[in-house]
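Hey, can you work out the whole structure from these sequences and the hints?
Protein chains: 2
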Amino acid sequence: MAASDHPLAEQGREKPIFSFEVIAQDGRARAGVLHTPHGDILTPVFAPVGTQATVKAITPAQLEELGASLVLSNTYHLYLRPGDELVAEMGGLHRFMNWPRPMLTDSGGFQVFSLAEARKIDEDGVTFKSHIDGSQHRLTPEKSIAIQENLGADIMMAFDECAPPYDREYNQRAMQRTHAWLERCLLAKTRPDQALFGIVQGGVFPDLRAESARFVASLDLPGNAIGGLSVGESKEEMYAMLDVVEALLPAGKPRYLMGVGAPDDLLNGVLRGIDIFDCVLPTRLARHNAAMTLTGRLNLVNASFTHNQRPIDENCACYTCRNFSRAYLRHLINAKEMLSATLLSIHNLHTLLELARQMRQAILEARFESFMKTILMK
Amino acid sequence: MAASDHPLAEQGREKPIFSFEVIAQDGRARAGVLHTPHGDILTPVFAPVGTQATVKAITPAQLEELGASLVLSNTYHLYLRPGDELVAEMGGLHRFMNWPRPMLTDSGGFQVFSLAEARKIDEDGVTFKSHIDGSQHRLTPEKSIAIQENLGADIMMAFDECAPPYDREYNQRAMQRTHAWLERCLLAKTRPDQALFGIVQGGVFPDLRAESARFVASLDLPGNAIGGLSVGESKEEMYAMLDVVEALLPAGKPRYLMGVGAPDDLLNGVLRGIDIFDCVLPTRLARHNAAMTLTGRLNLVNASFTHNQRPIDENCACYTCRNFSRAYLRHLINAKEMLSATLLSIHNLHTLLELARQMRQAILEARFESFMKTILMK
Chain A
1 MAASDHPLAE QGREKPIFSF EVIAQDGRAR AGVLHTPHGD ILTPVFAPVG TQATVKAITP
61 AQLEELGASL VLSNTYHLYL RPGDELVAEM GGLHRFMNWP RPMLTDSGGF QVFSLAEARK
121 IDEDGVTFKS HIDGSQHRLT PEKSIAIQEN LGADIMMAFD ECAPPYDREY NQRAMQRTHA
181 WLERCLLAKT RPDQALFGIV QGGVFPDLRA ESARFVASLD LPGNAIGGLS VGESKEEMYA
241 MLDVVEALLP AGKPRYLMGV GAPDDLLNGV LRGIDIFDCV LPTRLARHNA AMTLTGRLNL
301 VNASFTHNQR PIDENCACYT CRNFSRAYLR HLINAKEMLS ATLLSIHNLH TLLELARQMR
361 QAILEARFES FMKTILMK
Chain B
1 MAASDHPLAE QGREKPIFSF EVIAQDGRAR AGVLHTPHGD ILTPVFAPVG TQATVKAITP
61 AQLEELGASL VLSNTYHLYL RPGDELVAEM GGLHRFMNWP RPMLTDSGGF QVFSLAEARK
121 IDEDGVTFKS HIDGSQHRLT PEKSIAIQEN LGADIMMAFD ECAPPYDREY NQRAMQRTHA
181 WLERCLLAKT RPDQALFGIV QGGVFPDLRA ESARFVASLD LPGNAIGGLS VGESKEEMYA
241 MLDVVEALLP AGKPRYLMGV GAPDDLLNGV LRGIDIFDCV LPTRLARHNA AMTLTGRLNL
301 VNASFTHNQR PIDENCACYT CRNFSRAYLR HLINAKEMLS ATLLSIHNLH TLLELARQMR
361 QAILEARFES FMKTILMK
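Chains as they are written, first to last, in this note's numbering: chain A, 1 to 378; chain B, 1 to 378.
Bear in mind the hints are in silico, worked out from the structure with no lab data behind them. Possibly wrong hints are sitting among the right ones.
Note: identical chains are not told apart, hence a pair may lie in one copy or across any two.
Capping the alpha-carbon separation at 30 Å, the derived lysine-lysine pairs in DSSO-like fashion look like this [what the hints assert, rightly or not]:
| # | residue 1 | residue 2 |
| --- | --- | --- |
| 1 | Lys129 | Lys56 |
| 2 | Lys143 | Lys129 |
| 3 | Lys143 | Lys336 |
| 4 | Lys336 | Lys235 |
| 5 | Lys378 | Lys129 |
| 6 | Lys143 | Lys120 |
| 7 | Lys336 | Lys120 |
| 8 | Lys378 | Lys143 |
| 9 | Lys235 | Lys56 |
| 10 | Lys235 | Lys373 |
| 11 | Lys129 | Lys373 |
| 12 | Lys378 | Lys336 |
| 13 | Lys56 | Lys336 |
| 14 | Lys378 | Lys235 |
| 15 | Lys336 | Lys129 |
| 16 | Lys129 | Lys235 |
| 17 | Lys143 | Lys373 |
| 18 | Lys143 | Lys56 |
This is the structure in structure tokens:
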């Protein structure tokens with residue numbers, strides 16, 4: 001099916017607000033600009049995750065200082081607490097959490113399917129039990145869109161099913177359901193100031209991934225995502241799937257690789273035409289006392305850091321590295337002081353945001369592959 | 001004994017570095033400047049407490065933005081963890097925790113005496129068990145000074161004994177011990193870039209307080225503190241003790257009321273010639289979901305705030321009140337997000353720092369009593 005043939009294709013187009021410009025291309029790596037009602041997103045971009053309407057342990061002012069543009073928040077969590085209707089009443093998610101720049105909400109699908117025993121899937125949607133109080137709820141494509149419209153992020157994600165990567169039969173069924181649900185999401189959508197991104201599924205199976213990419217591409221949406229990766233498969237399998245999908249998704253639309261945040265995966269993703277990434281990794285590692293660097297992780301509880309006057313990374317320009325020693329960070333962790341999570345989150349987010357900025361610069365200067373090699377050889 | 005008669009008086013003088021200027025006086029209330037090696041402290045001043053070399057849930061950058069000058073840290077805690085020798089090796093407390101402005105360390109006395117069953121007092125010092133691992137330690141006046149010299153704060157406090165307020169006999173003994181220990185602290189002190197403040201004790205007994213104030217005053221120290229208040233006695237009793245002590249402590253030296261941070265106590269303290277206050281109250285209340293205002297406290301867990309779009313205080317200029325609703329703060333608390341402690345700490349510290357600034361301004365404009373009435377009538 002060609003891009004313009006799908007009967008819903010016209011509805012998928014939101015070009016005036018959400019246009020994407022590829023400024024430079026170097027191999028398959030692209031530097032672009034995605035326009036949104038809350039400002040431009042320069043790509044490649046890494047989006048910090050603010051699960052419950054806050055990027056954990058960080059103020060929005062600190063996030064702005066880090067140069068973050070796009071921030072992700074979670075439909076499942078906000079639907080349960082404080083409730084999407086309350087967020088709408090408070091003026092929407094941007095205003096509620098005081099993030100004036102672009103935002104993206106996921107569909108709730110990934111969290112609901114992760115509940116395992118506590119959820120039941122049918123063709124129409126998913127019934128599940130809240131992790132907070134065990135109360136029963138139901139998500140459908142229409143309900144996910146209604147919630148996301150209440151939240152009001154610039155980018156909404158289609159309600160999809162993420163299957164275990166190696167079960168072919170399950171992946172085929174989940175993919176078909178994901179496609180049917182994408183059409184329903186598009187029909188349910190009412191707000192012109194929000195873009196809907198579709199999601200390619202298909203596990204580790206190249207033919208399923210190709211079929212899914214062709215279907216999603218046919219809707220001519222303002223952006224397209226790749227889901228169901230970094231969920232247990234090998235890095236080689238992940239990169240192989242990106243190779244399949246990249247060739248089939250429209251070049252003029254941003255490509256978003258969901259839930260991926262390891263530095264080498266960002267590099268390998270951009271190499272394969274990915275523009276947007278998000279991941280809880282930097283803030284989660286921070287709360288587990290680990291500092292991310294481009295050459296590996298430091299566990300700051302380690303006794304070897306007791307007398308260490310060096311910052312986490314001498315070459316890092318973040319607030320934490322400019323002002324605090326490893327010995328001090330280790331002390332904060334040992335003393336169970338919250339500041340350790342804040343300072344490590346700042347550093348870890350800076351590492352990925354800065355990597356994205358450097359990748360963009362390398363693409364603009366047509367030296368992405370050598371830049372990537374330099375980083376990976378470190 | 002006149003101020004200059006005490007044989008140690010010369011040693012107590014550090015005027016070139018730690019001089020105090022009273023800029024304006026309004027009744028007994030004073031606006032002043034205390035010079036220190038890390039900058040000037042404009043008084044009246046409220047000092048946030050950074051118990052374990054961090055003001056809990058706040059970065060030093062946020063503390064600077066709040067306009068804090070003097071920050072307090074705790075000898076007992078830092079001696080046990082990470083150890084004062086490590087702090088010295090790391091360049092001292094200012095550098096370790098990245099606070100470039102004035103700092104004060106307490107003597108460890110208050111914490112050690114609070115250990116109740118886990119400590120034993122003799123004339124020479126105190127033997128106690130660590131709250132962290134039960135290991136046995138000993139603090140003496142000399143040891144407290146050695147630790148505080150390793151920490152390197154601008155202001156050190158004498159090692160004192162804080163007795164239960166109503167036990168006259170105990171207070172008399174504790175006061176005499178406190179005086180003997182003050183002399184030993186002064187003899188033990190070696191660094192010219194640190195000031196030693198003495199501490200007046202004496203419970204709720206005017207004659208003991210007067211005796212103690214006269215003794216401490218006789219040492220002609222660069223500053224004098226009042227300890228053992230806000231520990232269970234009534235506010236009227238506290239204010240009565242301030243009246244006794246204020247008249248006897250030298251007018252040309254700053255007066256520091258230890259461990260007091262309720263807004264009405266700051267006002268009543270300044271009214272009675274106090275210049276410096278410190279308290280864990282604003283940050284501790286923040287971690288217990290309470291916002292301080294000049295008209296009382298708000299417990300933000302309260303269900304009545306669920307839909308409340310107002311900030312904590314419309315008249316407050318802090319980062320939290322400029323950007324976040326009560327409903328959002330309540331959501332953060334319910335969702336157990338660390339950001340609630342950060343945002344409430346910012347607000348509560350701002351409340352006391354701003355109150356101190358406004359008191360200073362009112363004194364400079366010779367309208368302190370009417371300012372105080374306006375605040376207390378709210």
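**Q.** In rising order, the numbers of the hints this structure does not comply with
**A.** 4, 5, 8, 11, 12, 16 and 17
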